[in-house]
Each structure stands twice: as structure tokens, then as C-alpha cells.
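Protein chains in written order, with the working numbering: chain A, 1 to 347; chain B, 1 to 347; chain C, 1 to 347; chain D, 1 to 347.
Keep in mind that the hints were calculated from the coordinates and are not lab data.
All of these numbers come straight from a predicted model, not from anything done at the bench.
Among the hints, erroneous ones may be present.
Identical copies look the same in the list; a pair holds intra-copy or inter-copy alike.
[Stated by the list, open to error] Okay, derived cross-link-like pairs now, DMTMM-like style, lysine to aspartate or glutamate, Cα gap no bigger than 20 Å in a straight line:
#: 1; residue 1: Lys-166; residue 2: Glu-322
#: 2; residue 1: Lys-311; residue 2: Glu-322
#: 3; residue 1: Lys-311; residue 2: Glu-128
#: 4; residue 1: Lys-311; residue 2: Glu-251
#: 5; residue 1: Lys-166; residue 2: Glu-277
#: 6; residue 1: Lys-166; residue 2: Asp-83
#: 7; residue 1: Lys-166; residue 2: Glu-220
#: 8; residue 1: Lys-311; residue 2: Asp-223
#: 9; residue 1: Lys-311; residue 2: Glu-45
#: 10; residue 1: Lys-311; residue 2: Asp-297
#: 11; residue 1: Lys-166; residue 2: Asp-321
#: 12; residue 1: Lys-166; residue 2: Glu-48
#: 13; residue 1: Lys-311; residue 2: Asp-321
4 protein chains.
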Amino acid sequence: MNFASDNCSGVHRAVMAALASANDGHVASYGNDALTRAAEERVREVLEAPDAAVLFTATGTAANAISLGAAVHPWERIFCNEDAHIETSECAAPEMFTGGAKLTLIPGEGGLIDADALDRAAGFWAGEGLGGGKPGAISITNATEWGRVWMPDMVAEIAAIAQQHKLVLHMDGARFANAVAASGAAPADLTHRAGVDLLSFGGTKNGAMGVEAVVAFDPEFADRLAFTRKRSGHLLSKHRYLAAQFFGLLEGGLWLELARQANDMAAQLAAGLEEVEGARLAHPTEANMVFAVLPVDAHDRARAAGATYFKWSSLDEADQDEVTVRFVCSWNTTGAEVDALLAALRG
Amino acid sequence: MNFASDNCSGVHRAVMAALASANDGHVASYGNDALTRAAEERVREVLEAPDAAVLFTATGTAANAISLGAAVHPWERIFCNEDAHIETSECAAPEMFTGGAKLTLIPGEGGLIDADALDRAAGFWAGEGLGGGKPGAISITNATEWGRVWMPDMVAEIAAIAQQHKLVLHMDGARFANAVAASGAAPADLTHRAGVDLLSFGGTKNGAMGVEAVVAFDPEFADRLAFTRKRSGHLLSKHRYLAAQFFGLLEGGLWLELARQANDMAAQLAAGLEEVEGARLAHPTEANMVFAVLPVDAHDRARAAGATYFKWSSLDEADQDEVTVRFVCSWNTTGAEVDALLAALRG
Amino acid sequence: MNFASDNCSGVHRAVMAALASANDGHVASYGNDALTRAAEERVREVLEAPDAAVLFTATGTAANAISLGAAVHPWERIFCNEDAHIETSECAAPEMFTGGAKLTLIPGEGGLIDADALDRAAGFWAGEGLGGGKPGAISITNATEWGRVWMPDMVAEIAAIAQQHKLVLHMDGARFANAVAASGAAPADLTHRAGVDLLSFGGTKNGAMGVEAVVAFDPEFADRLAFTRKRSGHLLSKHRYLAAQFFGLLEGGLWLELARQANDMAAQLAAGLEEVEGARLAHPTEANMVFAVLPVDAHDRARAAGATYFKWSSLDEADQDEVTVRFVCSWNTTGAEVDALLAALRG
Amino acid sequence: MNFASDNCSGVHRAVMAALASANDGHVASYGNDALTRAAEERVREVLEAPDAAVLFTATGTAANAISLGAAVHPWERIFCNEDAHIETSECAAPEMFTGGAKLTLIPGEGGLIDADALDRAAGFWAGEGLGGGKPGAISITNATEWGRVWMPDMVAEIAAIAQQHKLVLHMDGARFANAVAASGAAPADLTHRAGVDLLSFGGTKNGAMGVEAVVAFDPEFADRLAFTRKRSGHLLSKHRYLAAQFFGLLEGGLWLELARQANDMAAQLAAGLEEVEGARLAHPTEANMVFAVLPVDAHDRARAAGATYFKWSSLDEADQDEVTVRFVCSWNTTGAEVDALLAALRG
């Protein structure tokens with residue numbers, strides 16, 4: 001009953017098999033090998049983006065920071081939700097990779113971005129002259145840190161603001177597979193066709209060992225991305241093993257199958273919470289994460305039964321008889337685990 | 001009738017005289033001259049801080065950024081008011097000088113910092129582990145960007161929070177003279193005796209040509225400050241001319257006399273606004289700045305009469321029949337100017 | 001016949017097996033798992049350094065840059081050989097991670113550092129005041145980029161200079177296993193007992209998939225290293241798979257066995273070159289790399305026979321009838337491959 | 001008898017007068033005033049560069065670092081002489097402002113750059129791929145740190161290499177006035193007509209209080225320069241006083257008159273050294289600096305007579321019966337001072 005994080009799950013056997021297959025003979029290092037070429041091409045196919053630049057890295061923070069480093073000058077502002085992972089959980093990596101660009105926090109329910117607030121902020125800072133710093137980029141997370149999903153029309157609304165203010169639009173897709181599966185949209189419709197310029201396409205939480213793809217739909221970004229990845233130490237020498245992981249995930253649509261499983265388990269869990277007395281959802285459950293407010297005794301029962309998950313504190317939290325928690329379902333979460341958790345919660 | 005900024009005023013004749021006096025013969029460069037030593041010592045005396053490290057620079061942004069660069073690691077958070085100059089008007093200089101540290105914005109009326117909100121934020125981020133970044137410093141502005149004044153007990157309340165969370169406390173004193181004059185407190189009571197570690201002691205807005213002092217009450221900071229000033233290009237070679245300005249300002253208490261004049265003019269203007277129909281103060285007037293909400297026709301009359309000042313927009317502003325404006329009084333603002341402005345506003 | 005790089009070899013089956021073993025169940029992410037604790041402890045045992053801080057990363061550039069980022073301030077100088085990997089091949093990663101510290105290049109045969117030149121440079125820059133930047137660290141590579149090996153007494157000579165000038169001593173051990181195997185010294189004697197403060201302990205070239213350990217013999221560095229790793233995106237979430245690789249390598253002394261094989265093959269190749277007419281070694285062969293000057297026709301024959309290796313240009317190179325080349329032997333280079341290469345070269 | 005540095009001289013009375021003239025009334029701050037516009041225009045006229053972007057700053061390090069910050073990406077290399085001020089005396093400011101770009105040192109007599117060595121280095125690093133970092137810019141100093149002068153044809157030779165390798169060409173003109181005076185060339189011929197892209201046009205050493213102009217002959221650089229100046233704290237609020245200084249210097253060709261005086265005094269000193277037994281020039285004297293090797297006793301006599309100047313150590317220096325020294329002549333050095341120095345040296 002581990003609902004701590006999709007990072008706590010292991011690696012899917014198909015990815016392990018792909019790694020084993022890749023382990024044959026000598027091949028060129030630093031991404032100059034055939035498997036890397038092939039995996040990059042697979043990513044382009046999946047995204048229906050034949051001209052996109054694709055660069056693999058081992059972590060999501062790297063993918064985001066490299067993307068943002070290529071998107072803005074140090075004197076520019078990056079707009080994101082106030083709970084965005086790049087603000088709360090990456091130890092100022094975007095600041096490091098951009099040379100000191102500012103994140104400007106925009107409100108929005110469940111990690112989404114309120115379009116009006118964004119538009120006003122972009123307009124305001126554009127008018128503040130040199131001192132204010134120049135609006136440079138927007139970063140949205142799909143699925144969000146609170147488990148919400150950006151649908152194509154929602155992305156397009158943000159993209160229209162980006163276009164109006166000449167901002168680069170980045171999508172942090174650490175849980176992109178979950179977003180695609182949840183939305184039912186084509187990956188292309190959720191990204192470049194809706195106006196996304198740069199995508200961090202996550203593999204790790206989706207069943208890989210440690211791989212993310214930075215995707216630039218406009219290949220003009222390719223050079224900046226390549227140098228930024230290199231100088232940040234994120235170009236792996238035995239690069240074939242990054243490529244193999246993505247290959248393994250994308251093969252036969254496995255990535256969406258795994259994401260669907262995680263999403264389904266979250267839906268089942270969310271539904272079951274309705275029968276836990278005193279429990280309620282803190283946000284709609286749209287992807288593979290369930291945020292819930294639990295009565296303390298339910299929480300205690302679940303913990304006693306061996307369930308692993310995080311209390312999810314926030315700045316505004318008051319001490320209460322209730323506990324806000326996060327349950328993350330993963331590609332290998334089973335219905336039995338969900339049932340066991342629910343049983344413990346119900347008491 | 002120029003109320004645009006205290007930056008728009010010229011240089012006081014005593015400062016010009018000090019510059020002329022300094023212009024004699026060859027002296028050592030880069031601060032290794034007797035006048036610099038003497039001016040540093042004068043600053044220490046004024047602040048009753050015999051061990052403080054004092055470093056002159058030409059701009060307030062430099063003073064703040066150098067201070068913060070010495071205060072934190074790149075992975076640390078600096079807490080400041082959401083309207084702090086370091087956030088809104090310095091083009092990410094703190095981020096540049098710290099190597100990418102984050103500013104975390106705290107609410108507070110009139111540029112002050114709400115102590116509870118600060119305490120909660122510091123506690124929250126301290127608990128977020130590596131990803132959250134470590135709380136590192138607090139920066140307060142005295143007088144604030146909205147013309148409020150931190151009194152010694154208010155500073156001490158923030159300093160207690162700083163101490164509890166092991167944070168460096170920085171004071172942006174671009175208008176420190178105005179704050180001292182307004183508070184009636186000894187400079188020492190407003191700073192190190194209240195728990196301030198680093199002070200940007202402004203001279204420029206107080207009647208100088210371009211000089212600020214970075215003051216570290218704990219000389220442990222001296223080395224980091226000296227190297228940071230040098231590598232940012234802020235160590236002037238003909239350094240005696242920075243020193244002379246401060247000397248001129250501090251001589252005979254001129255700095256406080258000038259600040260008092262500016263504050264008095266602001267008080268007179270604020271009082272007079274009560275008789276402008278439909279006008280009201282946006283914030284209490286405590287130093288040399290008056291923030292007012294004006295009826296559009298009063299604003300139009302003042303502009304027509306040749307008054308210079310800024311409309312002061314903010315993110316939350318709605319279009320209205322009213323205009324929010326900032327009037328800044330300076331060391332050379334006269335009562336006649338204030339009267340003329342009020343007359344125009346009254347119509 | 002692939003002698004291009006030890007990065008072009010695959011992953012040893014024991015490492016693959018360790019990865020497979022690690023792939024069981026849910027475990028804590030970001031290094032908070034038992035396997036990571038165990039692998040860190042194994043590293044400490046191998047180095048006889050019970051108090052050392054050990055942090056795994058995926059690349060050698062990351063290990064070096066994180067180490068140097070923790071070692072110096074941005075205004076400090078890092079002394080290294082003029083052909084050091086950190087200068088020639090890491091795209092200014094040390095500059096990025098240190099916030100702009102300078103590398104100051106010191107001559108020395110075969111990538112070693114001339115101790116007198118180092119001492120003079122450290123003394124000179126220490127005397128140049130603020131403008132010169134402060135001497136901060138020394139970085140040596142073992143085995144060097146030219147295949148030379150630093151023996152304990154040689155390291156100690158550099159460490160004495162480091163101590164005299166208060167410099168941090170870093171060792172880039174991308175090929176540390178080869179150096180240990182070649183020297184016959186205990187890992188402790190080659191590092192902390194000789195005065196090394198920080199070690200990049202390479203696993204990737206030694207048969208792993210992608211793992212290096214940053215080792216700080218003084219645990220005072222631990223915090224800076226941890227935050228620097230995090231903010232640079234180098235803390236892997238599914239961290240157990242980094243740990244497993246190191247575990248696999250160290251188990252039963254495999255790492256030294258593999259290094260010995262690579263070194264032996266290089267020795268065999270170097271010896272065989274004596275019988276290639278017109279060929280000569282460019283540097284003594286002490287580890288797993290052979291630098292040779294070949295007659296063009298020998299080079300052509302080897303290439304025609306399918307041998308893969310790099311021409312190794314340098315700034316001083318003139319066009320000639322000769323070609324300077326680098327042959328790298330790996331943990332899976334066989335005697336038969338060396339013989340085949342030599343046969344081709346001999347014609 | 002002060003020959004320590006042109007930084008040790010005071011401010012010319014015409015500059016003081018210009019400052020006094022500027023000190024009238026309220027004017028817009030941050031460079032939005034008429035005097036700034038006029039001074040910028042005067043710089044453009046002097047340089048015959050009607051489209052150039054001109055930005056004033058208070059220090060030479062700032063001018064260089066802002067220029068280079070606008071010239072390169074963090075992953076690019078800047079080529080300069082091994083004794084360039086940006087390498088030896090600016091505390092890694094270029095690294096700070098560029099976000100970590102590398103300076104690659106090129107040999108060349110007397111601070112000049114050997115064109116062949118430069119061409120080879122640019123070609124070499126262009127071929128080294130991502131790891132090597134991309135060649136980005138060349139910086140030359142005119143007059144050089146050793147008192148040599150780049151003539152238009154010499155600049156053009158470097159510019160041809162810049163063009164071939166697509167590098168930005170920057171000229172550090174801390175002593176640009178001395179170079180123009182010495183060369184007899186038009187400022188335009190020494191800069192943009194010879195292929196210079198960015199110029200640090202020094203005022204401070206030429207008789208000002210503290211002002212330099214960053215000049216971008218291609219206005220495409222204007223935005224990057226403006227934001228970089230702002231975020232580094234180098235945009236002075238009371239900007240008219242920077243403008244006034246340049247205005248004062250350029251008025252009636254004063255800047256060249258002052259530079260000629262300094263150069264003439266250096267020539268007189270150099271000539272007189274021929275009659276000092278055992279003394280010799282270390283470099284040809286072409287501008288306002290004389291580098292000489294003196295017998296220890298001559299040196300002792302000069303010091304005893306009260307002459308101020310620096311011993312000029314270098315990395316290669318051996319202990320000897322001789323002393324290498326630098327004499328700097330300034331705009332206010334007199335023939336009598338030179339004679340007195342020579343008399344003391346002769347004994």
C-alpha cells in the first residue's frame with residue numbers, strides 16, 4: 001500500500017528489457033548512437049512533430065531547468081502557478097540555469113493558472129521598464145502538482161496570452177503521460193497544436209528508471225538546449241541507456257497503458273473516499289493523484305494498516321482535526337491495494 | 001513643482017563642496033586613501049558601530065545586491081515584502097549577485113512585512129527539504145516603498161523571527177535618512193541594536209550625487225562583501241569621490257536636516273490633501289512620500305499646472321474615475337512648491 | 001576493435017544484475033532508501049573514510065562541477081592542468097556551478113601539474129588583491145587525460161601546496177579505478193591520506209551505466225554538496241538505481257578487476273607498438289589509455305581494418321606525415337582485439 | 001612625483017565645471033534626461049557612429065563586463081591576451097556578467113594578441129564540439145596593459161579572424177584616449193571601421209571622476225546591454241552626472257589634449273631612461289605607461305626621493321638585482337615631475 005509517489009515505484013519490465021537489449025557491443029557515446037537517433041524519432045512520431053528537437057536527460061528538474069534556460073534571458077520573468085514544482089521543489093534550479101531569472105507566481109485553482117491574472121501580470125511587468133524585468137515565459141504543469149489536467153482548449157487560452165505578450169510557453173510534463181491519458185487528446189493537440197513551445201516529457205514517473213525528454217517544437221531552440229544540457233552535466237556519456245528507456249516506454253503504446261492504470265486507480269480511490277466518513281477531496285481527481293482531507297482517525301487507521309503516503313502541508317494550513325494528504329497512484333498500483341487502503345480508511 | 005522622485009533632485013551644495021575639496025593631488029585608488037578611511041569611520045560613528053565593515057558603492061541596487069550576495073547561498077530564499085524594491089525595480093539584481101537565490105514574497109501593509117506571515121513562511125520552507133530551498137535572509141525597506149517607517153520595536157519583532165530561523169536580516173535603507181528622521185530613533189536603535197545585520201545606507205536620494213554605503217554590523221561579512229563589490233564592477237577607482245559625498249552629507253548632521261525637510265514637506269502635503277475634495281491617502285504618510293488617490297479632475301489640474309509626479313499603478317488596479325499617484329518630496333522641496341501643488345489640486 | 005572510449009563500452013553484467021535486483025517493490029525516493037545508504041557505506045569502506053559524505057550522480061561532469069561548486073566562492077581561482085577535462089571538455093560546467101569562478105591553467109607533462117609552477121601561480125594570485133581573485137582550489141585528474149597516474153607521494157606534494165595556500169584539493173577520478181589499479185596503492189593512500197579533500201569517484205567508465213560518487217572526506221562539505229546537487233537537477237528520484245550500480249561495481253572488488261583488465265590491455269598495446277615501424281608513444285602508458293604518434297600509413301591500415309579510435313589533435317599540432325591518436329582500453333577490451341589492432345598497424 | 005596610476009590623479013577642472021553646471025533643478029532620472037541624450041550624441045559624433053548605442057557606467061570593469069555579457073552566451077569562449085585586465089584584474093567580473101563564460105588566454109607581446117595563435121585557438125575550439133564550448137568573442141585592450149597601441153591595421157587583422165569565426169570583437173578602451181592620441185587615427189578608424197563591435201570608452205583615467213561609455217556599433221546589442229547594466233546595478237539614478245563628465249571631457253577635444261599630455265610625458269620619461277645607467281625598457285612606450293627594468297639602486301633612489309609607482313611583478317619573475325616597474329603618466333603629470341624622477345633615478 002505505497003501511495004507516497006510515483007517515484008517510489010520500480011521500473012517496468014519492458015524498460016528493463018530495453019536496457020538489456022541496448023547492452024550489446026561498443027557504440028558511440030554522448031548521444032551519437034543509432035538507438036538515440038531512433039528514440040528521438042519515436043518521440044517526434046508520438047508528438048506528430050517531425051521537426052522538433054528532442055534531448056534526453058535523467059531528471060525532471062533537469063528537463064525543466066534546461067528548457068527554461070533556453071527560453072529566457074536572465075532579466076526576464078517566468079510566470080507559473082504559485083504551487084508549481086519549479087517554484088516549490090527544485091531548489092532554485094530554474095534560477096541557476098537561466099542565470100537568475102525570476103519566477104513570478106500566479107494564482108489558479110489546483111495548480112492551474114488563472115488566465116486573467118496571468119494576462120494582467122504580463123501586462124503589468126511589460127510596463128515596468130528595465131527595473132521590472134521583462135516578461136519572458138510561462139510554465140504550466142500537466143498534469144498539475146494537484147492532479148488537475150490541462151485540456152487542449154485550456155492550454156490554447158494560455159498560449160494566446162503567451163503570443164500576445166511574446167512569451168515562450170513551456171509545459172512541465174513530469175506526468176505528461178497521465179495528462180494525455182486523462183484528456184483523451186492527442187499528444188500533439190495537448191502541446192504544439194495548442195501553442196506549447198517547449199515540453200518536458202516525463203518518463204521516470206511513468207515506469208522508466210530515470211529519463212525525461214526535452215522537446216522543442218521550434219528547432220531554433222536546439223542549440224541553446226544542447227549547450228545548456230552539456231554545461232549542466234546532463235549529457236550522459238553512455239547515452240544509449242537513456243534512449244532505451246524511452247524506446248521501451250513508447251513501444252506499443254505502453255506509456256499510455258501504464259498511465260491509464262495509474263489514473264484508473266486514482267479514480268477508484270477517489271470514488272471510494274466518498275464512503276469514508278468525514279473525508280472529502282481537496283481537488284478534483286483528474287489524473288493519478290488524489291488529494292484528500294481526512295479525519296485524523298481515518299488517517300491513523302490507514303497508517304496503522306501500513307499505508308504509505310504524505311501529509312501535504314501548505315502555507316495556509318491551520319491545525320485541525322483533519323489532515324490533508326496526497327495519495328499517488330502509479331503504473332503498478334493495483335486495485336487490491338486501493339481496496340485495502342479504502343478499507344483501512346473506512347475502519 | 002517636481003514630485004517625481006528624490007532621484008530627480010540635484011546635489012546639495014555641501015556635497016559639491018566636499019567633492020571639490022577632495023579634488024586635490026594624487027591619492028591612492030580603489031579605496032586605499034585617507035578620505036575613504038575617514039568617511040568609513042564617520043559612518044561607523046553615526047551608527048555607533050565601531051566594528052562594522054563599511055563599503056561605498058554608487059547605486060542603491062548595487063548596495064542591496066552586494067549585501068544579499070554576501071548574505072545567502074544560491075539555494076537559499078530571501079523573504080521580502082511583495083512590493084519590495086528588490087523584487088519590483090532591480091531587474092533581478094539580487095538573483096544575479098546571489099547566483100540565483102529566490103525572493104519569496106510576504107504580504108504586509110504599505111511595504112511592511114506581516115510578522116506572522118513571515119514566521120509561517122520561514123517555518124514552512126525550512127520544512128520542505130532540499131527541494132524547497134533553505135530560508136536564508138529577510139530584507140526590509142526603511143522607509144518602505146510606500147512611505148511607511150519601521151520603528152525600532154517593529155524591526156526587533158522581525159529580527160526575533162530572523163534569529164529563530166537563523167536568517168540574516170538586511171535593511172534596504174535607500175531612504176534610511178528619512179526613516180531615522182521620521183522615527184526620531186538613534187540610527188543604532190533602528191539597525192544593529194534592533195537586530196539588523198546588513199544595511200544599505202542611502203546617500204543618493206538624501207542629497208548626494210551617487211553614493212550608498214553597505215554596512216555589515218558583523219565584520220565576518222567583510223570579505224564576501226569586498227569580493228562581491230569588486231567582481232560586480234562596483235569598486236570605483238577614484239574612490240575618494242564616493243567617500244567625499246558621504247563625508248559631506250554626514251558633516252554636522254546635514255543628512256538628517258535634509259531628510260527632515262523632505263519629511264516635513266510630505267507631511268504638509270498630506271495634511272493639505274484633506275482639503276482636496278475627493279482625495280484621500282492610500283497609505284499613512286510617515287516619511288517623504290505621499291501616496292494618494294485623486295479624483296481625475298484634480299489630477300488633470302495639477303498636471304496642467306506643471307506638476308510632475310508619477311501615477312502609481314499596481315497589479316490590482318481597476319480603471320476608475322480616480323488615479324493613484326505618488327508624490328515624493330526631496331531635500332530641496334520647498335513649502336511654496338507644496339502650496340502650489342495643493343492649490344492646483346484644489347482647483 | 002573499438003578503442004574510441006571507455007564510454008563506448010556497455011555495462012558489466014554484474015551491474016545489470018544489481019539493477020535487476022534493485023527493481024523490487026516501492027522504496028523511498030531521492031536517496032532516502034536502504035540501498036543508497038548501503039552503497040554510500042560501501043564507498044566509505046573502500047576508501048577507509050568512515051566520516052566521508054558520499055553523493056551519487058549520473059555523470060562525471062556533474063560530479064566535478066558539484067564538487068568545485070562546493071569548494072570555492074565565485075571570486076576564487078581553481079588551478080588545474082591546461083588539458084584538464086574540466087577546462088577542455090565540460091562546456092564551462094565548473095564556471096556554471098561555482099557562479100563564475102575562474103580556471104587558471106598550469107602546465108605539466110601528460111596532464112600532471114608542475115608543482116613549482118603551481119606554487120608560483122598560487123603565490124602570485126594571492127598577492128594580486130581583490131582584482132586578481134583569490135586562490136581557492138586545485139583540481140587534479142587521476143588517471144590524467146593523457147593516461148598518466150598520480151602516485152600517493154605526487155598527490156602529497158600537491159596537497160602540501162594546497163595546505164600552504166589554504167586551497168581545497170579536488171581529484172577528478174573519472175578513471176579512479178584505473179589509477180588505483182595502476183598505482184597499487186590503497187584508495188585511501190591515493191586520496192585523503194595524501195591530502196585530497198574532494199573526490200569524483202567514477203563508475204561509468206569502469207563498467208557502470210552512469211554513476212559517479214562525489215566524496216567529501218571532510219563532512220563539512222556535505223550541505224553545500226547536497227544543495228548544489230539538488231539545484232543542478234542531479235539528485236535522481238529513483239535513486240536506488242544509482243546506488244545499485246555502485247554496489248555492483250564494488251562487490252567483491254570487481255571495480256579493480258575491471259580496471260586491471262583495461263590497464264593490462266593498454267600495457268599490451270603500448271608494448272606492441274614498439275614493433276610498429278615509425279610509431280612511438282606520446283606519453284608513458286600508465287593506465288588504460290595509449291597515446292601514440294603513428295605513421296599515416298599505419299593509421300590508414302588500422303582504420304581500413306575497422307579499428308575505431310580518435311585522432312587526438314592539440315593546439316600545437318602541425319600537419320605532418322604522422323598522426324597522433326588515442327587508444328582507450330576498457331573493462332571489456334580483449335587481448336584478441338589488441339592483437340588485431342597491432343597486426344593491422346604493423347601491416 | 002606620483003606615477004602610480006592614472007586612477008590616482010584627480011578630476012580635470014573642466015569636468016568639475018560640467019558637474020556644477022549639471023546641478024541645476026530637477027531632471028528625469030535613470031538617463032531619461034536631456035543632458036544624457038546630448039552626451040550620448042556627442043559620443044556618437046566623436047566616433048562617427050550615428051547609429052551606435054551608448055550607455056554610460058561608472059567603472060571600467062562594469063563597461064567591460066556589461067559589454068561581454070551582451071556579447072556571448074555562458075557556454076562560449078572569450079579570447080584575450082594572457083595579461084588582459086579582464087583576466088588579471090577584474091575578479092572574474094566577465095564570468096559573473098556572462099553567466100560563466102570562459103576566458104581563453106592567447107599570447108602576444110606587450111598585451112597585444114598574436115594573430116596566428118588566435119586563429120589557431122578559435123579554429124581548435126570550434127572543432128571541439130559541445131564539451132569545448134563555442135568560440136564567442138575576442139577582447140583586445142587599447143592601449144594595452146603594457147602600454148602598447150593597436151593601430152587600425154592591427155585591429156583589422158584581428159577583426160578578420162573574428163569575422164571568419166563569427167566572433168564578436170570587443171575593445172577595452174580604459175585608455176582609449178591615449179590610444180587615439182598615440183595612433184593619430186580617427187576614433188572611427190580605430191574601432192568600427194576596423195571591425196570593432198563593442199567598445200568600452202574610458203573617461204575615468206582620462207580626467208573624469210568616474211565614467212565610461214559602453215558603445216555598441218551595432219544597435220542590435222542595445223537591449224541586452226540595457227538590461228545587463230540595470231540588473232548589475234550600474235544604471236545610476238542621478239544619471240546626468242555621468243553624462244556631464246563625458247560632456248566635459250569631449251568638449252573642444254579636451255579628452256585628446258589630456259591624453260596627449262600623458263603620452264608626451266611618458267615619451268619624455270622613456271627617453272630619459274636611456275641615460276639611467278643599467279635601466280632599460282621592458283616594452284616599447286607607445287601610450288602613457290612606461291615599463292622599465294631598473295637597477296635596484298636606481299629604484300631605491302627614486303623611492304627615497306618620494307616617487308610613487310608600482311613594482312610590476314609577473315608570474316615568470318626571478319629574484320634579481322633588477323626591479324621591473326611601471327610608471328604611469330596622467331593628464332596632470334608635468335615635465336618637472338618627469339625630470340625630478342629621472343634625476344632621482346640617475347642619482
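Against the structure, the hints come out as follows:
1. Lys-166 - Glu-322: neither (44 Å within a copy, 31 Å between copies)
2. Lys-311 - Glu-322: Answer is within; shortest intra-copy Cα gap is 11 Å, inter-copy 47 Å.
3. Lys-311 - Glu-128: between (40 Å within a copy, 12 Å between copies)
4. Lys-311 - Glu-251: Neither, since 36 Å and 38 Å both go past 20 Å.
5. Lys-166 - Glu-277: So Lys-166 and Glu-277 fail the 20 Å test inside a copy (49 Å) and across (42 Å) alike.
6. Lys-166 - Asp-83: neither (24 Å within a copy, 25 Å between copies)
7. Lys-166 - Glu-220: both (16 Å within a copy, 18 Å between copies)
8. Lys-311 - Asp-223: neither (42 Å within a copy, 25 Å between copies)
9. Lys-311 - Glu-45: Result: close neither inside a copy nor across copies, 39 Å intra and 36 Å inter.
10. Lys-311 - Asp-297: within (14 Å within a copy, 55 Å between copies)
11. Lys-166 - Asp-321: neither (47 Å within a copy, 31 Å between copies)
12. Lys-166 - Glu-48: neither (24 Å within a copy, 35 Å between copies)
13. Lys-311 - Asp-321: Close inside one copy (13 Å), not across copies (48 Å); limit 20 Å.
Checked against the numbered hints above, the structure violates hints 1, 4, 5, 6, 8, 9, 11 and 12; every other hint is satisfied.
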